[in-house]
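Engineer: Based on these hints, arrange chain H on the given structure of chain U.
Listed here are the chains, written in short residue letters.
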Amino acid sequence: MVSQAEKLLIDVGSTYFKVCTPTSIEQHFRDFNQDILDDLMSKCGDTISRFDKQDVHICSSANGGLSTLIIGITNSFSLKYATNIAFNSGINIIDTILFQNIEDYSVPSDLIDVVIVVGGVDSHSNLYSEKIFSYLDQLNYSNAVFVGSTQDSQSMRDNIENLVVLPNIIDDKLHIVEEHLKDYLTNLYQQDIEGKEEIKHLYEITSNQILSTPYVVNRALPHIETRVSVANPFILLDIGGATTDIHYSKDLVDENIVTENEYDRLVFKRLGVYKSRQSLILAAQSNEFVYELLLHLGVTENIYNEQTDKATKILMQLAIFLVLCKMSHYRQSYVNLRLLQINSIVLTGGITKVLSQDEVETIIAFFYRKILSSGHNPVAVMDSNYDIWTLGTKV
Amino acid sequence: MSLLQEEREIILSNEYVDSFDFAEVSEFVSNASKDLFISHHFAKREKMLVQPRGGFPTYQQQYALYEYFVDANVDVLPLTIDSNTRLNDYATAKKMLRLSEENDMDMLNGYPLVTHGYRTTRKMITHFDKPVSLRHGTPDARLLIETAIASGIFEIEGGPITYLLPYSKNFPLDKAFLYWKYVERVCANYSELNEPINRESFGPLTATLVPPSITIVIQLLEMLLSLEEGVKSFSVSFAQQGSMNQDIVTGAVLKKMAKHYAEEIDCGDAAINLVYHQWMGAFPTNQDFADQLINLSTVIASMVGADKIITKTRQEATGIPTKEANAKTVADTQYCLRILNGLPSVVDEEEEEMLTLQVKAIMEAVFNDPADTLWRKVFNSIKNGVIDVPFSPHIINQNEMITIRDAGKNIRIIERGNVPIPDRCYEYEKSQCDLSKDTTSIVNDIIHDIGIMQW
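Quick note, the sequences are listed as chains U and H, same order. Read in order, the letters of the first sequence are residues 1 to 395 in this note's numbering. Read in order, the letters of the second sequence are residues 1001 to 1455 in this note's numbering.
Simulated from the structure, these hints should not be mistaken for lab results. Do not rely on the hints blindly, as some may be mistaken.
Keeping only pairs whose Cα atoms sit at most 30 Å apart, straight-line, the calculated DSSO-like set for lysine-lysine is [said to hold, decoys possible]:
no., chain 1, residue 1, chain 2, residue 2
1, H, K1095, U, K80
2, H, K1383, U, K173
3, H, K1377, U, K394
4, U, K250, H, K1383
5, H, K1169, U, K394
6, U, K250, H, K1181
7, U, K182, H, K1169
8, U, K250, H, K1169
9, U, K182, H, K1383
10, U, K173, H, K1377
11, U, K80, H, K1169
12, U, K250, H, K1095
13, H, K1094, U, K370
14, U, K173, H, K1430
Quick partial rundown of chain U residues pointing at chain H, CB under 8 Å, derived from the structure [said to hold, decoys possible]:
no., residue
15, D171
16, K173
17, H175
18, S229
19, N232
20, N256
21, I257
22, L340
23, Q341
24, N343
25, S374
26, G375
27, H376
28, N377
29, V379
Calculated from the model, a selection of chain H residues having no Cβ within reach of chain U, i.e. all distances over 12 Å [unchecked claim]:
no., residue
30, S1013
31, E1067
32, R1098
33, N1170
34, Y1335
35, K1360
36, K1377
37, R1405
38, D1406
39, G1408
40, K1430
These figures come from a predicted structure and were not determined experimentally. Glycine is no exception: its CB is placed at the ideal position from the N, C-alpha and C atoms.
Only chain U is shown next, with the shape it has when bound in the complex (with noise of 0.2 Å):
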């Protein structure tokens, strides 16, 4: 056995997984016709059995994400500050409800992971009816939890079965009280990853608990410069196989609402490079400026069909532009970025080692100047050792 000090580190992706000792790390594309545990044990079986298992630390995005809808009362406070715990928390959101026209939306056939009731501050009660509950009736959910007015919790709970009721998003002052929401969001999340069957077999080789990647990873952002030459504000992709994640400094949104955590996290579930690669392609095309970006790559549409290195490495350099479109001005979503003031884009994750640095900024200066008809340019920083999920793990 190694030292007492030393730790293993694992990450399990739906595409690759990595494993890092201290002296050395190694990335593994995965055998699907194999149990996780069995791939990891048959690639790595050496290196896990010179570990304790409580010197074994395993984080997994492996498709992860919980699905949520939310129903609220104004689009300013309740649905605003809940859709930012959500995200946050790494859940992707189906619908946000407005209660007013409750009845103007149809109830999603798919079943909701969880469904979030918010809506005033604690001065003000009755503000829900049994319109709600005719509503909830129809919806196929698995929990719900209740953070709206304390004065409403009870009734809310009498008509709502297995109801959770936590504190108030929103305060008396109309500020958003996160804690609570997010802490049981990421409970959830947390027992869904862990809930997974193959997941669970990983257990046998770690008695530590398994967390989620993105949140390993948003963690070491604050400590971040100590491991690669990054300025703020920057923002990190992380592009794997089924989903893209994308933390960002505060900085940079016009809309913060939070006084915690310098860095907020999206996850864009259907954008990745293998699992989730025909709904990238799909995105792609219905992109007006993927035509032109393929030309500038010296490639046609055709890449789309092709399995070889190449395709990969270009659906890559399609993903980071996509990303970068949804965070801007160009597509109006959750959030837009001010990518004019960003100094660094930092890419880690498996990306790294398909990319080289030309590559990526030759996307970045593509997307400033379609998109944004700007010259600005921000410092590529490839993460190729990882030294940021590492460093994540140690925090």
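Structural biologist: Chain H alone, transformed into the frame defined by chain U:
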């Protein structure tokens, strides 16, 4: 290469910077005229320095303003920065500057320093050979400060708290601390080459019923954050509060405490100076009244023993002042200072004791925060309301403290919120006020206080 230098190179590779030459800038600072350094003038202690405010979009307008100021016998020239540059929106600043130049109409409310660049601005600064003070209000001032120092501007106003809590709704405060740490380090490094670069905190804060204990604590903390990074010349400041006695007491306690806490962190060798702002609240629209208010402020600054006074103009209530009005204030203030002789020394021991106790209690609470660095202790203290700035629009500020004026127009704390005001002081503060009024009347008094100097 140091981490700071790596960061500097990224910051200065900005597309709006025309190739920053680090070596040339260092050489310029090393050989710069001593007269450009306000720290040099402070050290001579010849008189209270007079500094107006002012910034115009174009080079020509700014140059003309400086000519007026010099004719009016100004001691320190101002360079007030436009709002777009303050918010790091250099693209808009550039567009608006071009429109201002082409249309002979001001499309910016200040001088877009980053857009003009340091090579151009330096010509103007070195021509006048007077110290220039940078007035901005920027949470992320890294690029602006690099450009300013390279231009020959050796006094930098601001700080992570005083340039954020009064001005911003939601810029993350933790980021502001880190950005200002960069500024302090750059100022400290350049200070080794010639006379010290002076850093100045912005004491007026929201200029709305801020009690002296909060003003002083924030001044002291920004001073400590600056000194711990190696800055050797720092100005604490505050604005006219509405009561001459309270101003005199505030000045005395602020000077005493600044020296005390600087020595506590082994920075007793740093030069600490006191700056007084003429009335920062709503000005009378009657320009004759405005002149009276300005003169009264000058008298109080003398009573307080300020090292520098920052002036307003008779046009304050109506918009951005003309260069003529601005120069008039400078001339009037210089005249007033010349004829102010034989001022009595006023000491109010009871008030000084009460204020000192409050300041020490809040400072102790900040230092007792378990965080490992001073900036994080301060950050936590603002977050949990140990430091609470009345009427700050920022989401992190607790806004639990309530203050009103007593019969002598002193600002008093009647609700302390989470601020650890000692019980004895709290009772004293409340005992000075008429609290028999109903809540509505008190709220009305607070609202009407905004216009206290109107007539």
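Engineer: It remains to establish, for every hint, whether it holds in the given structure.
Structural biologist: Results of checking the hints against the structure:
no.: 1; hint: H:K1095 to U:K80; in the structure: 33 Å, violated
no.: 2; hint: H:K1383 to U:K173; in the structure: 14 Å, holds
no.: 3; hint: H:K1377 to U:K394; in the structure: 23 Å, holds
no.: 4; hint: U:K250 to H:K1383; in the structure: 16 Å, holds
no.: 5; hint: H:K1169 to U:K394; in the structure: 34 Å, violated
no.: 6; hint: U:K250 to H:K1181; in the structure: 18 Å, holds
no.: 7; hint: U:K182 to H:K1169; in the structure: 23 Å, holds
no.: 8; hint: U:K250 to H:K1169; in the structure: 13 Å, holds
no.: 9; hint: U:K182 to H:K1383; in the structure: 19 Å, holds
no.: 10; hint: U:K173 to H:K1377; in the structure: 24 Å, holds
no.: 11; hint: U:K80 to H:K1169; in the structure: 17 Å, holds
no.: 12; hint: U:K250 to H:K1095; in the structure: 26 Å, holds
no.: 13; hint: H:K1094 to U:K370; in the structure: 20 Å, holds
no.: 14; hint: U:K173 to H:K1430; in the structure: 25 Å, holds
no.: 15; hint: D171; in the structure: 11 Å, violated
no.: 16; hint: K173; in the structure: 7 Å, holds
no.: 17; hint: H175; in the structure: 6 Å, holds
no.: 18; hint: S229; in the structure: 5 Å, holds
no.: 19; hint: N232; in the structure: 7 Å, holds
no.: 20; hint: N256; in the structure: 4 Å, holds
no.: 21; hint: I257; in the structure: 7 Å, holds
no.: 22; hint: L340; in the structure: 6 Å, holds
no.: 23; hint: Q341; in the structure: 5 Å, holds
no.: 24; hint: N343; in the structure: 5 Å, holds
no.: 25; hint: S374; in the structure: 7 Å, holds
no.: 26; hint: G375; in the structure: 5 Å, holds
no.: 27; hint: H376; in the structure: 5 Å, holds
no.: 28; hint: N377; in the structure: 6 Å, holds
no.: 29; hint: V379; in the structure: 6 Å, holds
no.: 30; hint: S1013; in the structure: 7 Å, violated
no.: 31; hint: E1067; in the structure: 35 Å, holds
no.: 32; hint: R1098; in the structure: 16 Å, holds
no.: 33; hint: N1170; in the structure: 4 Å, violated
no.: 34; hint: Y1335; in the structure: 45 Å, holds
no.: 35; hint: K1360; in the structure: 27 Å, holds
no.: 36; hint: K1377; in the structure: 16 Å, holds
no.: 37; hint: R1405; in the structure: 24 Å, holds
no.: 38; hint: D1406; in the structure: 27 Å, holds
no.: 39; hint: G1408; in the structure: 32 Å, holds
no.: 40; hint: K1430; in the structure: 24 Å, holds
Of the numbered hints given earlier, the model fails hints 1, 5, 15, 30 and 33; all others are met.
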